[in-house]
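**Q** Chains R and Y are the protein sequences, given in the same order. Letter 230 of the first sequence, counting from 1, is numbered 230 in the working numbering, and no numbers are missing. Letter 94 of the second sequence, counting from 1, is numbered 1094 in the working numbering, and no numbers are missing.
A couple of the hints might just be wrong.
In silico BS3-like pairs for lysine-lysine, Cα to Cα no more than 27 Å straight-line [claimed, not checked]:
#, chain 1, residue 1, chain 2, residue 2
1, Y, 1069, R, 131
2, Y, 1080, Y, 1069
3, R, 131, Y, 1131
4, Y, 1080, R, 194
5, R, 122, Y, 1098
6, R, 202, Y, 1080
7, R, 69, Y, 1196
8, R, 80, Y, 1204
9, R, 196, Y, 1196
10, R, 69, R, 120
11, R, 120, Y, 1122
12, R, 69, Y, 1194
13, R, 69, Y, 1131
14, R, 80, Y, 1196
15, R, 69, R, 80
16, R, 98, Y, 1120
17, R, 69, Y, 1202
18, Y, 1124, R, 98
19, Y, 1098, Y, 1120
20, R, 80, Y, 1069
21, R, 194, Y, 1124
22, R, 69, R, 98
23, Y, 1069, R, 202
24, R, 196, Y, 1069
Just so you know, these hints were derived from the structure itself, not from any lab.
There are 2 protein chains.
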Amino acid sequence: MTHTENHLKSSEFITDMVIGMSDGLTVPFALAAGLSGAVSSNTIVITAGIAEIVAGCIAMGLGGYLAGKTEQEHYQSELKREYDEVDNLYEREIQEVKDIFAEYGIDDTGQTMIASQLAKDKTKWVNFMMKYELGLEEPNPNRARNSALTIGLAYLVGGLLPLLAYFFTSTPHQGLFLSAMITTTCLFVFGYLKSKVTGQPKLKGAFKVTAIGLIAAAAAYFVAVGFDRIFH
Amino acid sequence: MTHTENHLKSSEFITDMVIGMSDGLTVPFALAAGLSGAVSSNTIVITAGIAEIVAGCIAMGLGGYLAGKTEQEHYQSELKREYDEVDNLYEREIQEVKDIFAEYGIDDTGQTMIASQLAKDKTKWVNFMMKYELGLEEPNPNRARNSALTIGLAYLVGGLLPLLAYFFTSTPHQGLFLSAMITTTCLFVFGYLKSKVTGQPKLKGAFKVTAIGLIAAAAAYFVAVGFDRIFH
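Chain R extracted, bound-state conformation (with noise of 0.2 Å):
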């Protein structure tokens, strides 16, 4: 119990690290890139990207925050609910028991039992009735805080590792150039370990990744530059 427990915290936390980081190096780092085409100064560069990870930081933080706060308000609510349904409509809720398992080939004898025995225990069939009729799980409580910091800070560390080339450099150009080695180094180690931990195949997800993030940033450089062009 405490082992699966661990493991489920532990999976969590990957989770949101994973999610801040490859957003952190990705959005940062292709505005930065499309930047460099279109202005002559580090600084615009840096002050934009830090704009950016602290605007991505609070929206994806505060907002993983709110999320896990709404989830479990709304797994209270259904608990509540499903509490007043085995309650007061006791028929249909057996009834229900019964269809799940009829779906899967079971037959009348067989629903009507389960039905009776996981009726004796109301707290049992109502959790019952929670994972399986609703599919929901119990969100730990702490979820939501843990969440928003793993994901702020993951977007944090993500998003500066790009920007660090812009303060070494002289000209935006010669930036990008730094910038663009950097990251393409992070988002294969990133997309490596990512897949790694998931159980997905490693070089290709390695690949899959540091192609989004270089596609990403293309693309933003070709449309900075083609909108700067018009514009001036």
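Assemble the complex: chain R is given as a structure, and chain Y must be docked to it using the hints.
**A** Just chain Y now, kept in the frame of chain R:
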């Protein structure tokens, strides 16, 4: 059956639209707000905003597409594994079915009855294990493509609304003022509709969504202004 599928499809569509639109209304708006405090030309704000929207569309859309494809591959490989287990580890799979029901207080007779009836139809048995042991449902084969398009387009529309203001004004400060008015209105309406379709309290949801957008924008603005003061 047809009704359920329509319902499912439309709710996936709405989920994707909500994901794309809420990030689209928040991040490009906050980026533009941040830059408005640090640069003196609307063209730079618009260029950065457009580069961000292109990057965000591709990262979210392509990211969503590949995530959907991975989900399908994962389902298919687990399905194959479950068929193998039912063929080659019959006793263990029977025991797994019994364990699921033991947890809910079903006695040994009931467990054996369900397991032996399930085992009569291999397809139904495997589907049962996929859903109730692994918690996996078969993904809609068009989901990945549809999801990518919906999220990407919603991000594009959501992101262009705040930028419009900078086309029709002559300084970033005027642009920010108009953009904040347009975006606050859009966030509020969007938060209200989002809460309505997800069955959450409508006004509370509208305030939450608006607050995230405005907090992100305010933070991006103050960080960009602060950064600009240090480096100029």
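**Q** It remains to establish, for every hint, whether it holds in the given structure.
**A** Right, here's what the structure says about each hint:
Distance check on the hinted pair: residue 1069 of chain Y and residue 131 of chain R sit about 26 Å apart at the alpha-carbon level, within 27 Å; holds. About 17 Å separates the Cα atoms of residue 1080 of chain Y and residue 1069 of chain Y, which keeps this hinted pair within 27 Å; it holds. Taking the CA atoms of residue 131 of chain R and residue 1131 of chain Y, the gap is about 10 Å. The hint holds against a cut of 27 Å. For the proposed pair residue 1080 of chain Y and residue 194 of chain R, the alpha carbon gap of about 23 Å is at most 27 Å, so the pair holds.
A distance of roughly 20 Å separates the Cα atoms of residue 122 of chain R and residue 1098 of chain Y; the hinted pair therefore holds under the 27 Å criterion. A distance of roughly 20 Å separates the Cα atoms of residue 202 of chain R and residue 1080 of chain Y; the hinted pair therefore holds under the 27 Å criterion. Restraint check for residue 69 of chain R and residue 1196 of chain Y: satisfied, since their Cα atoms lie roughly 17 Å apart, inside the 27 Å limit. Simply put, residue 80 of chain R and residue 1204 of chain Y have alpha-carbon atoms about 21 Å apart, close enough for the 27 Å limit, and the pair holds.
In summary, the hint linking residue 196 of chain R to residue 1196 of chain Y is not supported, as the alpha carbons are separated by about 39 Å, beyond the 27 Å threshold. This hinted pair does not check out: residue 69 of chain R and residue 120 of chain R have alpha carbons roughly 32 Å apart, beyond 27 Å. With a C-alpha separation of about 31 Å, the suggested pair residue 120 of chain R and residue 1122 of chain Y falls outside the 27 Å cut-off, and the hint is violated. With a C-alpha separation of about 16 Å, the suggested pair residue 69 of chain R and residue 1194 of chain Y falls inside the 27 Å cut-off, and the hint holds.
At most 27 Å may separate the alpha-carbon atoms for a hinted pair to count; residue 69 of chain R and residue 1131 of chain Y meet this at roughly 26 Å. Restraint check for residue 80 of chain R and residue 1196 of chain Y: the C-alpha separation of about 21 Å stays at or below 27 Å, so the hint holds. Our distance criterion of 27 Å between C-alpha atoms is met by residue 69 of chain R and residue 80 of chain R, whose separation comes to about 17 Å. Distance hint between residue 98 of chain R and residue 1120 of chain Y is fulfilled; the C-alpha atoms sit about 18 Å from each other, no more than 27 Å.
Simply put, residue 69 of chain R and residue 1202 of chain Y have alpha-carbon atoms about 15 Å apart, close enough for the 27 Å limit, and the pair holds. For the given pair, residue 1124 of chain Y sits about 16 Å from residue 98 of chain R by alpha-carbon distance, which is consistent with the 27 Å threshold. Simply put, residue 1098 of chain Y and residue 1120 of chain Y have alpha-carbon atoms about 15 Å apart, close enough for the 27 Å limit, and the pair holds. Restraint check for residue 80 of chain R and residue 1069 of chain Y: not satisfied, since their Cα atoms lie roughly 36 Å apart, outside the 27 Å limit.
The straight-line distance between the Cα atoms of residue 194 of chain R and residue 1124 of chain Y is roughly 33 Å, outside the 27 Å bound, and the hint therefore fails. For the suggested pair residue 69 of chain R and residue 98 of chain R, the alpha carbons sit about 33 Å apart, so the restraint of at most 27 Å is broken. A hinted pair counts as satisfied when its Cα atoms are at most 27 Å apart, and residue 1069 of chain Y with residue 202 of chain R qualifies at roughly 15 Å. Of the pairs offered as hints, the one joining residue 196 of chain R and residue 1069 of chain Y holds, with about 17 Å between alpha carbons and a cut-off of 27 Å not exceeded.
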